[in-house]
Structures are given as structure tokens and as C-alpha cells.
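Participant: Chains as they are written, first to last, in the UniProt record's numbering: chain A, 1 to 250; chain B, 1 to 250.
Bear in mind the hints are in silico, worked out from the structure with no lab data behind them.
Incorrect hints may appear among the rest.
Said to hold, decoys possible - Dumping the calculated DSS-like pairs for lysine-lysine here, alpha-carbon to alpha-carbon at most 27 angstroms:
#1 B/LYS146 to B/LYS23
#2 A/LYS146 to B/LYS67
#3 B/LYS67 to B/LYS146
#4 A/LYS71 to B/LYS146
#5 A/LYS56 to A/LYS71
#6 A/LYS146 to A/LYS71
#7 A/LYS165 to A/LYS23
#8 B/LYS67 to B/LYS23
#9 B/LYS71 to A/LYS146
#10 B/LYS165 to B/LYS56
#11 A/LYS23 to A/LYS56
#12 B/LYS71 to B/LYS56
#13 B/LYS146 to A/LYS146
#14 A/LYS67 to A/LYS146
#15 A/LYS67 to B/LYS146
On a predicted model such as this, the values are computed, not experimentally measured, just so you know.
Number of protein chains: 2
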Amino acid sequence: MALLDTVVMRGLSSQGALSPEDKALLLGLELSPRQMSASEVLWLESADADLFCVVKEGWAYSYRNLKNGSKQILKFYLPGDIIGIRDFGFTRRLASAVMINEGVIYPFSYQQLFELFGRSNLAVGIMATAIRQQALLSERLIYLGKYAAHEQLAHFLYEIYLRLKRIGAVEDNSFLMPLTQELISDALGMSPVHVSRTFSMLREEGLVIRDRQHVQLPDPEALARLVEFNDSYIDEFLPPTFSELLRATP
Amino acid sequence: MALLDTVVMRGLSSQGALSPEDKALLLGLELSPRQMSASEVLWLESADADLFCVVKEGWAYSYRNLKNGSKQILKFYLPGDIIGIRDFGFTRRLASAVMINEGVIYPFSYQQLFELFGRSNLAVGIMATAIRQQALLSERLIYLGKYAAHEQLAHFLYEIYLRLKRIGAVEDNSFLMPLTQELISDALGMSPVHVSRTFSMLREEGLVIRDRQHVQLPDPEALARLVEFNDSYIDEFLPPTFSELLRATP
DNA sequence: CGCGCCTTTGATGTCGATCAACCTACGTGG
DNA sequence: CCACGTAGGTTGATCGACATCAAAGGCGCG
Numbered sequence: 001m002a003l004l005d006t007v008v009m010r011g012l013s014s015q016g017a018l019s020p021e022d023k024a025l026l027l028g029l030e031l032s033p034r035q036m037s038a039s040e041v042l043w044l045e046s047a048d049a050d051l052f053c054v055v056k057e058g059w060a061y062s063y064r065n066l067k068n069g070s071k072q073i074l075k076f077y078l079p080g081d082i083i084g085i086r087d088f089g090f091t092r093r094l095a096s097a098v099m100i101n102e103g104v105i106y107p108f109s110y111q112q113l114f115e116l117f118g119r120s121n122l123a124v125g126i127m128a129t130a131i132r133q134q135a136l137l138s139e140r141l142i143y144l145g146k147y148a149a150h151e152q153l154a155h156f157l158y159e160i161y162l163r164l165k166r167i168g169a170v171e172d173n174s175f176l177m178p179l180t181q182e183l184i185s186d187a188l189g190m191s192p193v194h195v196s197r198t199f200s201m202l203r204e205e206g207l208v209i210r211d212r213q214h215v216q217l218p219d220p221e222a223l224a225r226l227v228e229f230n231d232s233y234i235d236e237f238l239p240p241t242f243s244e245l246l247r248a249t250p
Numbered sequence: 001m002a003l004l005d006t007v008v009m010r011g012l013s014s015q016g017a018l019s020p021e022d023k024a025l026l027l028g029l030e031l032s033p034r035q036m037s038a039s040e041v042l043w044l045e046s047a048d049a050d051l052f053c054v055v056k057e058g059w060a061y062s063y064r065n066l067k068n069g070s071k072q073i074l075k076f077y078l079p080g081d082i083i084g085i086r087d088f089g090f091t092r093r094l095a096s097a098v099m100i101n102e103g104v105i106y107p108f109s110y111q112q113l114f115e116l117f118g119r120s121n122l123a124v125g126i127m128a129t130a131i132r133q134q135a136l137l138s139e140r141l142i143y144l145g146k147y148a149a150h151e152q153l154a155h156f157l158y159e160i161y162l163r164l165k166r167i168g169a170v171e172d173n174s175f176l177m178p179l180t181q182e183l184i185s186d187a188l189g190m191s192p193v194h195v196s197r198t199f200s201m202l203r204e205e206g207l208v209i210r211d212r213q214h215v216q217l218p219d220p221e222a223l224a225r226l227v228e229f230n231d232s233y234i235d236e237f238l239p240p241t242f243s244e245l246l247r248a249t250p
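Could you put together the complete structure from these sequences and hints?
Facilitator: Now the structure itself:
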């Protein structure tokens, strides 16, 4: 359970890239769920790094505290995401991780991952997960660099929209987003007030309707055009050629 | 040759985490060098992704073109770095990659990587490389978010300094940096003029002396303090516990 | 020597930060 | 059931960091 629920593993599986033994190995991990309350801390920056977490229910985020007292959010984690991959290969956490609302997570240790690495196909899956995270980070970086606030926010919302859509959490172009404007401001590196103004701007243009946690994108395509969104880095699981290579390699 | 020259693999090797067979496998890859001229393109955004490149000599960078005509540089690659890991797991390149000055690279295909994945220890090494890149990206993201121009530039220079130092390319606190201010501006998301002004500011404070490609940091520690640099994400190769786990796992 | 690339310096404009007040929804306890 | 407190959100006024435009000063190279 749980690791197979991961976004990437589901993709691998649906492409027939996982052998029965691979699946058995994943299932054999025997992860035990842990109930988390809102704002509960998974770990703090520079704590010892020794495990990952698969998010089953709820949202979480990772962040770093800054000198000036504010913080920079690196990523929001939705159900199906793996938290902690960033720190794999380091002795200590590079960022803190905290739940946003209540939820359920499945922790699993580095040691368990090592066992999976014995099977090359799974190594590829884990690797792909890590790379995908990096892709999300790159996109954010690009938008932080030279884009105006409304473009950043639009891009951010569209990313969330796509990620929720692929786990079936979007209906009628609307979804639940348990984020305060302050959290969003910490992610986009702007002030909370400006996030508010920017939401107003997008509302007036008919692109985003938001009431507390309810968000609706009346015309997602228009939004995508505004931000020139290249969805491949979210929609794609693994390239077709990979599945072939994986089946070919013993 | 070449893959063993990689920063991470050298780290792994020095910790005794690579078995003789691992090393043999790496050496057996038989990579052939390719001479590159300045500004030569490795690949363009959305080209088919099918290989990596180990940088042997010279500098390179990856970037994305933006709507407004400018570009965002994602990363500068120095000798010992691997270019293209970001795209592994995607069918197409997420960013273009270009040489800065002339140099030598060793291309190797995805297929060759798959063969390495059969050996779990090597999978871990590759994985660690990818994660490390992500860490660099995270740091940049943090600095783009809420920091002033002089802090960003200081952070950028100190990162380059550390990376060059670990490959032995720093002498007397000074090094060669074949970057124009325009390239730096594209990386930091600010205007070229402001990069110039910011360099002046750092010079007046006695933190950075720059003449064309020659950069000297009279007091690296002062710079590190200014940016609260946490070098673990560059200095560290693999945590000691990893080496144990790797030796333990068959 | 003279052309181009890189860099520097000055003047002006603007996007978003900051400070501050107010408003709304919601939960708590009297 | 209402009074109140608190967290989140909106709106206005002011200010500053950086962008942009423009011109001029090195430095290397053909």
C-alpha cells in the first residue's frame, strides 16, 4: 500500500513498466499510516534526515526560514506526492516540512528505499519522482525571476489545478485549496497584501474566482495561454521509450 | 573515464562506497570525448531527450526563453557536473543547454544509464547527483524570492566559489569566471545595469574584486556570513550512514 | 587604428513593499 | 443569543528598490 499510490508509480504501472515482482516488492513494504493534525510538523530544518513520507490525505509544504523573519515556501505537497526526496543524500534536512490541514501520511525509511534500489525498475521510478520535483522547482524559479505578480499567481494556480486534476480532485473546473494568502505569498515571494490585490485583478479579468478555500478557474485554457504553460512536466509520467527499455533490461 | 570524474562519483569512491565491480562498470562505459567551441549548443528546449553530458573542461549553462524576449538561466555547469539530468524521465528537453567557453564534454546515453541502474550502488550515486542539483536550485529559488540584489549576487558568487574550490580551481581566494554581467543578470533575474551597480557596491565594501573574468573574494568568510551560507549542500558528498548501508546491501 | 563587446554612470519611471485602518467570517465564553 | 476575540482578507497612501532609457568610457581583436 501507499508507495504504489504515488503519482509516478501509478504512471509506471499503467505503462506496464513494473513487473509482478516489482509490485510485490512495493506492496511488501508494509507501510503503516500515521494520522496528522493541522500544522503538525513533519521535521525541522537541519534535523537528521532518515525517511520519506507519502502523502495520503491532506496538504503539506516545505519551507526555509529567512534572516528577515519571513519564510520561503519551496513546495506544496498534495496527496500522492512524496515529501523528503530533496534531502535524500544529505545527512540533515535542508528545509522544514509541515502539514497544512489534517491528513494521513505513510513514512518509510531510507533503508527501505535501498532495498527497492536492488530492482532497477524501481530505482528509475524513484529517480523519476525526484526529477519531477526538480522540474516543478525550475518552473517556479523561472516565474520568480522575471514575471509580473499576476503572471506568477496565474502560473501557480494553474500548476495546482493540473496537479489536482491528475489525482481527480477537480470538478467543474473548481477545487479546494486549503491555502491562506499568506502561505501563497511565502511561496511566491511577495507580500500578502499584494497577493490579495493580484487575486482581485485576476477576478476582474474573469480568470479566477476564489472564495476562501474554493477556487474556480472558469477558463483554464485562457489561464494556460497567459502563462504559456507547458504541461508536459506535470502530465507526462514516463516517456514511452522508457517502458520499452525497462522491459528489455533484465 | 569521465563518469568517474563526476563530482559525486568521486565522493562516493573516496568513501569506499563503490565496489571494484562498480568502478569497472563505470570505466567500462567507454565514453568518447567531444570538443566543444564557445557558444556551441548542446541541445535546444523541447528537443528529444536521450542523453547526458559530463563536463570535462569549460563552462556551460541551461536556460529557458521567456515571452518577453529575455531568458532565465537555470544553472551554470562547471567541470565535473552532469548536464541533462533534469530532463531524465521526460521525452523532451525542458531547457536549452549551451557552452559558454570552449571545452570538452563526454556524452552518454540513457540506455547506458539503465545498465548502471542494475547496480544499486550506482543508482544511488546518480540519484544523489540529481538531488544535489535540486538543492542548488532550491537555494537559488530562496534567494530570488525575498532577498535584495546585493545579497543575491553575493550568494551567487559564493556558490560558484565553493563549487570551484572543491574541484581545485580556486587559488588565493581568486578564480576565473567566464561570465558576462548579462549572463549573471539572466541567472539572477535582474537587469544587467543593476548587476554592474551591485558589483560596485560589493567592491566598495571590500567583499568582491572583479576584473573581467578574474574574481577575487578577499574575505570569503565575511561573504558567507552575509548570505548565511549553509555549505553542506555543496561540500557534503554522501552521509556516512549511506556508505555503510551501501556496503551492507548486496 | 577603429570597430564591437562589455561595463559604467546618470536620469527618470514603476511595480510592489510597507504601514495602517477597516471589514468579514467564525469560534468561544458569558 | 449576543459580546467579543482572532485570523484572514480588502483597500488606501506613501516609499523605495530596481527597471528602463540613454550616453559615454575601457578593452580586446581584426
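Participant: Hint by hint, note whether the structure agrees.
Facilitator: Evaluation of the provided hints:
A C-alpha spacing of about 44 angstroms is found between B/LYS146 and B/LYS23, which places the hinted pair above 27 angstroms, so the restraint is violated. Note on A/LYS146 and B/LYS67: the hinted pairing holds, with a Cα-Cα distance of about 10 angstroms set against a maximum of 27 angstroms. For the given pair, B/LYS67 sits about 23 angstroms from B/LYS146 by alpha-carbon distance, which is consistent with the 27 angstroms threshold. About 9 angstroms separates the Cα atoms of A/LYS71 and B/LYS146, which keeps this hinted pair within 27 angstroms; it holds.
A threshold of 27 angstroms between alpha carbons decides the hint, and for A/LYS56 with A/LYS71 the separation of about 26 angstroms falls inside it, so the pair holds. For a cut-off of 27 angstroms, the pair hint linking A/LYS146 to A/LYS71 stands: about 20 angstroms separates their Cα positions. Of the pairs offered as hints, the one joining A/LYS165 and A/LYS23 holds, with about 25 angstroms between alpha carbons and a cut-off of 27 angstroms not exceeded. For the hint linking B/LYS67 to B/LYS23, the alpha-carbon distance of about 45 angstroms lies beyond 27 angstroms, and the restraint is violated.
In summary, the hint linking B/LYS71 to A/LYS146 is supported, as the alpha carbons are separated by about 9 angstroms, within the 27 angstroms threshold. Distance restraint check for B/LYS165 and B/LYS56: the Cα-Cα separation of roughly 16 angstroms lies within the 27 angstroms cut-off, and the hinted pair is therefore satisfied. Taking the CA atoms of A/LYS23 and A/LYS56, the gap is near 19 angstroms; set against the 27 angstroms cutoff, the hint holds. Between B/LYS71 and B/LYS56 the CA atoms are separated by roughly 26 angstroms; this keeps the pair inside 27 angstroms, and the hint holds.
A distance of roughly 14 angstroms separates the Cα atoms of B/LYS146 and A/LYS146; the hinted pair therefore holds under the 27 angstroms criterion. The hinted pair formed by A/LYS67 and A/LYS146 meets the criterion: a straight-line CA distance of about 23 angstroms does not exceed 27 angstroms. Note on A/LYS67 and B/LYS146: the hinted pairing holds, with a Cα-Cα distance of about 10 angstroms set against a maximum of 27 angstroms.
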